[in-house]
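J.: Listed in order, the protein sequences are those of chains E, L, S and B.
So the working numbering is basically just the index in the first sequence, starting at one, shifted up by 52.
So the working numbering is basically just the index in the second sequence, starting at one, shifted up by 52.
So the working numbering is basically just the index in the third sequence, starting at one, shifted up by 52.
So the working numbering is basically just the index in the fourth sequence, starting at one, shifted up by 52.
A few of these clues could be false.
Said to hold, decoys possible - Straight-line C-alpha distance at most 25 angstroms; calculated DSS-like pairs for lysine-lysine:
#1 B/Lys151 x B/Lys124
#2 L/Lys168 x S/Lys151
#3 L/Lys151 x B/Lys124
#4 E/Lys151 x S/Lys124
#5 L/Lys151 x S/Lys168
#6 E/Lys151 x B/Lys124
#7 S/Lys168 x S/Lys124
#8 E/Lys168 x B/Lys151
#9 E/Lys124 x E/Lys151
Said to hold, decoys possible - Only some residues are given here: those of chain S computed to face chain E with a beta carbon under 10 angstroms:
#10 Lys124
#11 Val128
#12 Ser131
#13 Thr155
#14 Ser176
Said to hold, decoys possible - Which stretches of chain E does chain B cover? Using the computed rule of at least three CB atoms under 8 angstroms from a CB of chain B, they are:
#15 130-141
#16 169-179
In case anyone wonders, no lab produced these hints; they're calculated from the structure.
Quantities reported herein were computed from a predicted structural model and do not represent experimental measurements.
Positions of the beta carbon are idealized from the N, C-alpha and C atoms, including for glycine.
Protein chains: 4
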Amino acid sequence: MAFLESEMTEPPFHRWLRPRIIDIRQDGVTICIPFRPELAHSENPGFFHGGILMSAADIAGHAAIAAAQLDKAPTVSLSIEFLRPAPVGELILNANVRKMGQTLSRADIEILAQEKLVAIARGSFARLKV
Amino acid sequence: MAFLESEMTEPPFHRWLRPRIIDIRQDGVTICIPFRPELAHSENPGFFHGGILMSAADIAGHAAIAAAQLDKAPTVSLSIEFLRPAPVGELILNANVRKMGQTLSRADIEILAQEKLVAIARGSFARLKV
Amino acid sequence: MAFLESEMTEPPFHRWLRPRIIDIRQDGVTICIPFRPELAHSENPGFFHGGILMSAADIAGHAAIAAAQLDKAPTVSLSIEFLRPAPVGELILNANVRKMGQTLSRADIEILAQEKLVAIARGSFARLKV
Amino acid sequence: MAFLESEMTEPPFHRWLRPRIIDIRQDGVTICIPFRPELAHSENPGFFHGGILMSAADIAGHAAIAAAQLDKAPTVSLSIEFLRPAPVGELILNANVRKMGQTLSRADIEILAQEKLVAIARGSFARLKV
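Let the hints inform the model, and build the full structure from the sequences given.
T.: Here you go:
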């Protein structure tokens, strides 16, 4: 989906973080973030920084809503629960639409690292008015 | 405070983001994040990416709790409300302790850009057990 | 303020819970909930039930926004952090507007029991479209 | 499960609200709240009050965690997103454990009214220390 690709690659911050869409479904998307040392909170053992998990959750949730409404969907709010440290490797984010609304839509995001659920997030995203 | 300085500079992600402590109070801290192009969500007009605001809120809230308990305080949860776009320049974060607890502490974080309140966040941080 | 009074007393649930406005400010309101045994989570020692704190936070946050926009403001989301048990007596809620928006407004709510801060809440409230 | 039954019926507020367990699973519980006029936010059309939805979400999430750890689990935080008005009738709450932790556990709660998803909530619950 060309629209989603440009959403994913245009923001300067994304060009640094390098999120990649690996699946687009009816009601959601899956993105991944490959590890790089500067995404870490600690080394030996290496864990992702929470800020990276939140940034990735924001991007994934936005992508799920933007794909459904074929338009940008500015993030209104986001909350995250960190369940356990996120070991470095590839970060996988499954974002699923929970409600498409006239003004506000919601998505749930699950964050996995090394196949374990490391965090759960929930976001609200606005519909831009024409 | 040497402990807080090392908390601020050690994580590899911080070395990229470059948060800087500008005030330490009894009940809180103020940090700033100078703008760099790769922190942006958009250019012309330039706005910070929401992921940067969340990462900075996490760091500021953690710093407020860690300074109060003189120990690391892993982030358990964080929620943020984005109030308006955050124009580029210097990002200022005021983090204030709301509750120091035996196992869980809370901090509120206000995020300002160009002297306007652009987001409010709230986080829970754990006390490490010896 | 007659509008706020009717907001406070009309909903059937409010007639049971009996919230009472004790202050209206430029940017917020204070309400109180007198204790009755059926509001308790436990007796001996007596503590308010969390559901009562959340209900009261919803009502207080709504009142702050409704008073500012002179119109109903349906609750879109609410989050609460329980800081300590809430001893029975009078529950006091200070709700303050953080942002009045075109479609969405935010309020922070502090909940006190026996003069101690027992919980902090934050809500988003919609502006009804004409 | 006798423990859960007493959790459900002992608090004075529960005796008023009357939550009823209708299913206990490995990882969660389902409870229902039958409608009574004093649970309403409005009549004609009749909708449940948001405070009732939050109270019920709290009770359902607590029940899911308490059933899993066979011990009380005081609510630490709860957040809810209201997706649409909740028409009166029977309120159904499906609570599912997302993480059982040493000090903190999490549950997700879906709230249905007339078979439609009306709200989604997420809670953190503490493990009592012996």
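J.: Check each numbered hint from earlier against the structure, then list the numbers of those it violates in ascending order.
T.: 6, 7, 10
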